[in-house]
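Modelling step: build the complete structure from the supplied sequences, incorporating the hints.
Line by line, the protein sequences give chains A and B. First residue of the first sequence: 1, per this note's numbering; consecutive thereafter. First residue of the second sequence: 1001, per this note's numbering; consecutive thereafter.
If you are wondering where the hints come from, they were derived from the structure by calculation, not from laboratory data. Glycine is no exception: its CB is placed at the ideal position from the N, C-alpha and C atoms. Some hints could be false.
[Said to hold, decoys possible] With the C-beta cut set under 7 Å, the calculated list includes, among others, these residues of chain B facing chain A: (1) I1038; (2) G1046; (3) E1056; (4) E1059; (5) M1102; (6) P1103; (7) L1105; (8) I1109.
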Amino acid sequence: MKKLLTGNEAIARGAYEAGVVFASAYPGTPSTEILQNLADYKGDILAEWAPNEKVALEAVIGASIAGARSLAAMKHVGVNVAADPLFTFAYTGVNGGMVLISADEPGQHSSQNEQDNRNYAKFAKIPMLEPADSQEAKSMVKTALEISEAYNTPALIRMTTRVCHSKSIVECNDREEIVIKAYVKNIEKYMAVPDFSRKMRVKIEERTKALMEFSNRTELNYIQWNNRKIGVISSGACYYFAREVFGDTASYLKLGFTNPLPLNKIKEFCEGVEKVYVLEENDPYIEDQVRILGFDCDGNNFFPPYGEKTPDVIRKALYGKTNATIEYDKNKVVPRPPTLCAGCPHRGFFYELGKRKNIMISGDIGCYSLAFAEPYNAMDLNMCMGASISIGHGVQQVFNMKDDPMRVVSVLGDSTFFHTGINSLLEVAYNKSNTVNVILDNRITGMTGHQENPGTGYTLQGSKTVEIDIAGLVKACGIKHIVTINPNDLKAVKKALDWALALEEASVIITRWPCLLKKFSEQDNEEFSHAFQSKCVVDKEKCIGCSACIRTGCPALFLDKNEKKVSIREEQCVGCGVCLQVCPVKAIGKVEA
Amino acid sequence: MTKSILLVGVGGQGTILASKLLTIGLMAAGYDVKMSEIHGMSQRGGSVSSQIRYGEKVESPVIEAGGADILVAFEKMEAMRWIDYLKLDGKVIVNDYEINSMPILSGKIDYPKGIIDELSSKAQTIVINAAGHAEQLGNSKVMNIILLGAIIKTMGLEHIDWEKIARENIKASLVDINLEAIKKGQVLF
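Take a look at the structure:
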C-alpha cells in the first residue's frame, strides 16, 4: 500500500516492518516524530522517552544485547551526549540488530549548531546509510538492521531536516516478525576491559575491510550514466537538489551507504566523467575522499560550505544567480519573530528577572531561550542542554574570585533539568557556589511539541507512572534553599528573587505552572483547576496608553497608536493576569471565559 | 512538468491541514508528490510555510526562489514575505486577512499599507476574504479549506474526488461544512 509519509514517519514504519521491538529517544527537532510514530505501534513495539540521549542509547544497547532489534533516535547534538556508549558499543558489537538515527540540521532551522554527524560514523568506525527521501528512509532501516546483525556492529542512519520533514510516496509492507535472540553470557564480547577490548579493536579492522567490500558492491551506491561532461557525486537530500538543477544533463554517483565509502565506485565514476561536482551537506566528507583518491572536483570550495544545498543555492554557485524573482518593496514586510505565547508561564518570571541589575543570566535550551530578546533582555548565553547551571557555576566562581558583586542566575526547564541539569546542580552544591538556579517547570517538554517526561506522570505510550518530585530531587542534590512559586504571580517572583539573591549559598527557585498548550492530565485538572478559565479585558476609559502592559511582551495585547489605548485579543488571552499586575491605573480586569 | 504550490501563513491558521488534503488528493489522482515543511519551535504565531510539488516525477521536495506556480497566502503580509519564491508569471491567492506580528503589536511599526496593490502590480493576484466567507458558512476555522478550494480551481484540479478525500480525512461531524468550504473556494472568482 502506498502512503505519503515524512522521512520520520517512514523511519518508524521501517522499524515496524523490520521487526524492531524496542526504541528509545529524547525529543529534539528534527527527530522528535520518529518515536511519536513508533509509539503508535503499541503492542508490537515498546517505545520510550528517555531523560536524555545517552540514556536512550544505553537502553537500546541493552535491548540489542538482550537479543532484540532496537532503534535509538536523536537530533545531531544529541549524539554528542550519547557518544560515550556509542564508541564502545562499536567495539562489543550487537546481539539483536541496532540502528541509531541521527537527524542533522543543515541550515540550523531549530538548532544551536550544524555539526555533520557523518563524522561520527567514521570516528566510531561503524557503517552509515544516508536516505534521500522517505522510501529510502523506510527501506534503509531494514537494511541497516541486517547489516548490523551480519557485521556485528551498531549502524548509523544519517537524516537531515529536509529528509525528516519532507513527505514523499512510500510503499508500505507488513511487519516481519523477528524472533528475539537468546541472551548468552559472553564476557569476552561484552566486558570492555583492556584485555578484551584490544582483541575487539583488531576485529574492527577486519569488519571495516568487509564493510568496504560491501560498500563497493551494494546497490545502495549506484551510478547513473547520462552525459559524461558533468558528474555529480551526492548523498541524502542533495541528490534530489542536484537532479532538480542538472536533470539528465549530468551523470550521477548516488551514495546511500557512506561509511566506509565505496572507493572503487568513486574511482570508476571520476574516471568516467570530465568534471566532478560533489554535493553534500555539510562537511566535505565525500569530497575529501575524492581528493585523496587523486581526482580534482568542486565541492565546498565552490558551493557554500554551510547551510542547505537547495536548488537555488546550487544554481547561484553555478550560474551566479537564482531563477528570476519578483522585485518587491521590502518595506511592506515586517518581521514576525517567534514570541512566548499569550499565557506562557515563562513571561511573568522573565519580566521580573529582566528588571534586575548586576546579574548575569545563564540560559538553556527551550522556549524560554526567547527571553534573550526584547522586551525581556533577560539572558546572557545559552550553549547546550543542561549547561545553564554548570556554566553559571563557573562564571560565579570567577566573579567571586575577583570580589565582583555580580550574581549569576541560571535558568532551565523541567525537561532540560532531567536531561543533564541534575549533574550540574550536584556540581553547584558540591563545589559550593552561590548561584541562583531556576527550574521553569511548565509540566511538559514544551518546545519540541509536548512530550511526556519524568516529571509529568505519564510515559510515551500513555501509561501512568511515577512523577518525579523536583523539589525532593533538588534537596537530594544537596541544595538547602528551595522555594516553589507560581510564575504568573509577579509579587511572588519578585519576593523569591530577593530572597535568593540575599543568600550566600546556592538556591533553587521552581516555577510551577503548565504550558498553556498542554493537554491536561487528570492531575493537572485537579492541581490547575482554575488555570485558563478567564480572560483579561481593558477598561478603555481608564487606560492611559502608557504601554506598561505592552512591555510584558504578550502577543494578545495590541496598542492602538491613534487611539492611545490597549486592547486584548480575546481569542488569544488565557487570563494569566501578568498584564493586569503591571497596569499603573488598574485598567485591566478579569472576566470569566 | 512539475508544478509547485507554496502555502504560507501564521502558525495556527490551518496551513498544515489544507496542504495535507491537497497532497492526499494529488497522490490519489496518480501524481508523484513531494511536500516539505519546516517546523521547529512549537510556539504559536510564527511564520509557517508548506511547499508542495507534484507532476509525473518530482525531484526536489523544496521550492526554490522564483519557482512557485502559485503562492497561497493565508495572511496578507506573508504573501509579501514570500513573493520572491513566485515565478515571474506565477499567481498569488491572498487571503485579505491581517495578523499583527510582535513589532506591530507593541506599537513600534505599523502594519504595512497597500499590500494588495503592491501584490497586484507584481503578479496576477486573486484576493479572497476567506475569513468572511468562513463565518458565513458558520465556522471561522474553515478559512483554510476555502483557500484550498481556490487552489483547486486555480490549478485545475477539479477532476479529483475531493469529497472522498474529505470524508476519509476529516472528522465526520465536520465533513459537510468542509465540503461546502471547498465548493465555496471554487466559486469566488
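Hint-by-hint comparison with the structure:
1. I1038: holds, 5 Å
2. G1046: holds, 5 Å
3. E1056: violated, 13 Å
4. E1059: holds, 4 Å
5. M1102: Nearest chain A Cβ about 5 Å off; hint holds.
6. P1103: Cβ of P1103/B sits 6 Å from chain A, so the hint holds.
7. L1105: This interface hint holds because 5 Å falls under the 7 Å limit.
8. I1109: holds, 5 Å
Taken one by one, the earlier hints fail for this structure only at number 3.
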